[in-house]
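Build out the structure end to end from the sequences listed, making use of the hints.
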Amino acid sequence: MKKLLSIIKTALFFALLAGCKPGFEPVNYGHDSCTHCRMTIVDMHFSAELLTSKGRAYKFDDFGCLLKYLKDEHIHDPGMKIYVADFDHPGGAFLDARRAVFIRNENLHSPMNGNLAAYTDKTAATHAGTEIKLLTLPDLE
Amino acid sequence: MKHTFGICWIWILLLSAVEGNCTEIRVRPGVNSLRMAIGRATAGDTLLIQAGLYREHDLTIDKKLTLIGAGYPHIDGENRYQLLLVTADGVSISGLQLQHVGKASLTDMAGIKVIGAKNVTISNNHFFNNTFGVYLQNASQCRVVKNLIHCDISDEVNGGNGIHAWKSDHLTIERNTISGQRDGIYFEFVTESYIRGNRSFRNARYGLHFMFSHHDTYTQNVFQDNGAGVAVMYSKGVIMRDNLFLHNWGDSSYGLLLKEITDSYIEHNRFVKNTIGLHMESTTRVEVKRNLFQENGWAARVQASCSGSDFTANNFIGNSFDVATNGTMMLNTFNRNYWDKYDGYDLNRNQVGDVPYYPVSVYSVITEKIPVTMILYHSLLSDIMDQVEKVMPTVIPDKLRDNEPLMKKITL
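Top to bottom, those sequences are chains F and V.
Residue 663 is where the first sequence starts when you use the working numbering, and the numbers rise one by one after that.
Residue 15 is where the second sequence starts when you use the working numbering, and the numbers rise one by one after that.
Calculated directly from the structure, the hints in this document are not laboratory data.
Just so you know, even glycine gets a beta-carbon here, dropped at the ideal spot from N, CA and C.
Among the clues, some could well be false.
What the hints assert, rightly or not - In silico EDC-like cross-links for lysine to aspartate or glutamate, where the CA-CA straight-line distance does not exceed 20 Å: (1) V/K117 / V/D76; (2) F/K733 / F/E803; (3) F/K730 / V/E274; (4) V/K287 / V/D239; (5) V/K132 / V/D76; (6) V/K250 / V/E274; (7) V/K423 / V/E403; (8) F/K730 / F/E803; (9) V/K117 / F/D750; (10) V/K181 / V/D239; (11) V/K413 / V/D400; (12) V/K355 / V/E309; (13) V/K422 / V/D360; (14) V/K355 / V/D265; (15) V/K181 / F/E768; (16) F/K733 / V/D239; (17) F/K716 / F/E687; (18) F/K743 / F/E687; (19) V/K423 / V/D354; (20) V/K413 / V/E295; (21) V/K117 / F/D705; (22) F/K716 / F/D739; (23) V/K287 / V/D256; (24) V/K287 / V/E274; (25) F/K730 / V/E295; (26) F/K733 / V/E295; (27) F/K730 / F/D783; (28) V/K117 / F/D748; (29) V/K117 / F/D801; (30) V/K383 / F/E735.
To be verified - Calculated Cβ distances over 10 Å to all of chain F for the following chain V residues: (31) I39; (32) G116; (33) T135; (34) N152; (35) N172; (36) D183; (37) G194; (38) M225; (39) T231; (40) K273.
Structure, rendered in structure tokens:
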């Protein structure tokens, strides 16, 4: 049964490959693992995705993992897209990390201690709490 | 319950002093009866909590009290609140059923939360359907013993951990049964602690999870049917002994995941029926001794980023692949293990095979590079490749071999 399933999966994979367009790949929570730290992605508040210009999607459980991955692997891909989960709407649509506003706070307890929460804009971020310094992607890189 | 405050007080009976000024206070269900009892008690008192339902929450225990439940009184968070917050040293809580703790995006809500306290004992309690069961924060020398922690909310992804410890030290987590949480036990910045004799099963992510936690020991635990068994990450000096990693099965599941671990010991564990028994990535100096690897998909996956590790006296029985690696470099050693796939000979009868054993099969190298080729596993083609490789090794890392493979199983 397992084997049959994997055959079907592979067949599907090839079928999809034929008509593949680069696009955002939804995170399968509880199953996908983080490209950088290998942990299973479960927390909808902090997940992130890197989409290369060739259309390959890398998923992360923590925005900190994505930043480390970019650094460690020396990725310079001007066409790449970076998506990050909206802290206010876990499980909802991802934000474009270049437009998002971030908050870093130790009390967030993100899976890999990146402790970065992303919000759509400044107002959403300031609603989140006190003593907050707003950050954008260039601040983090 | 429409009792007035006056009636409540009747239920709170102050019994005669037992020793010095220690008192036993009997608590019966009623409006705010627990809160008032805690408020009235003085340090050293014992609260005897009678069976029944207590809809009380955010109860702060800020003096040294002993809480004992008779017949598992239910303390209920109505899926909105957290229950007990312990901030005093020496508190002891046992015999309670803590249930239906709520969820919040910024606070981690728990059945019992210990904040900055020492010598707290949490034993023989039931935790049902809570976000977090026990939460230890800046705690020291606390004991969590023989608790039953279970969550059956299907939305496992949003759940919390059974026992969660953060920035703590010298903890003892013993003989608990944990299921249905996100991680069974989670250690983050926890040092010099013991985890012993727990059963952690059917948790969404890991049975046990270490992050940045040094010099801890876990022994005699069972980790079964978790998303993945145990993950030990970014830690050093971890001792893993006498555990059973059973049936942690799934796409990329494993019994034990090691990532960036140094100077640790994996001794006398059993890895049975896991997709990957042991997965090692960027580890340094890990001793893997006297373990049983049985009927796993991959017994051990040792990434090329690992170094200085030593596999000695392990039994490898009935695994699809014994060892897999993703490069040609191998800075780890394999010595005197028993491999059931070894088909060498022993002419001098010293129980050690005369030709080395190469535990990496060609096919595991290929599937490591191109995972989809797995569908051709055990096909004629793959068998031919295996035979050819045995005669003329080309693909498999030459250094990855056991020079003294044992002819007989090691009795563990």
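Violating hint indices (sorted, rising) = Result: hints 1, 7, 10, 14, 16, 24, 27, 29, 35, 38, 40 break, sorted rising.
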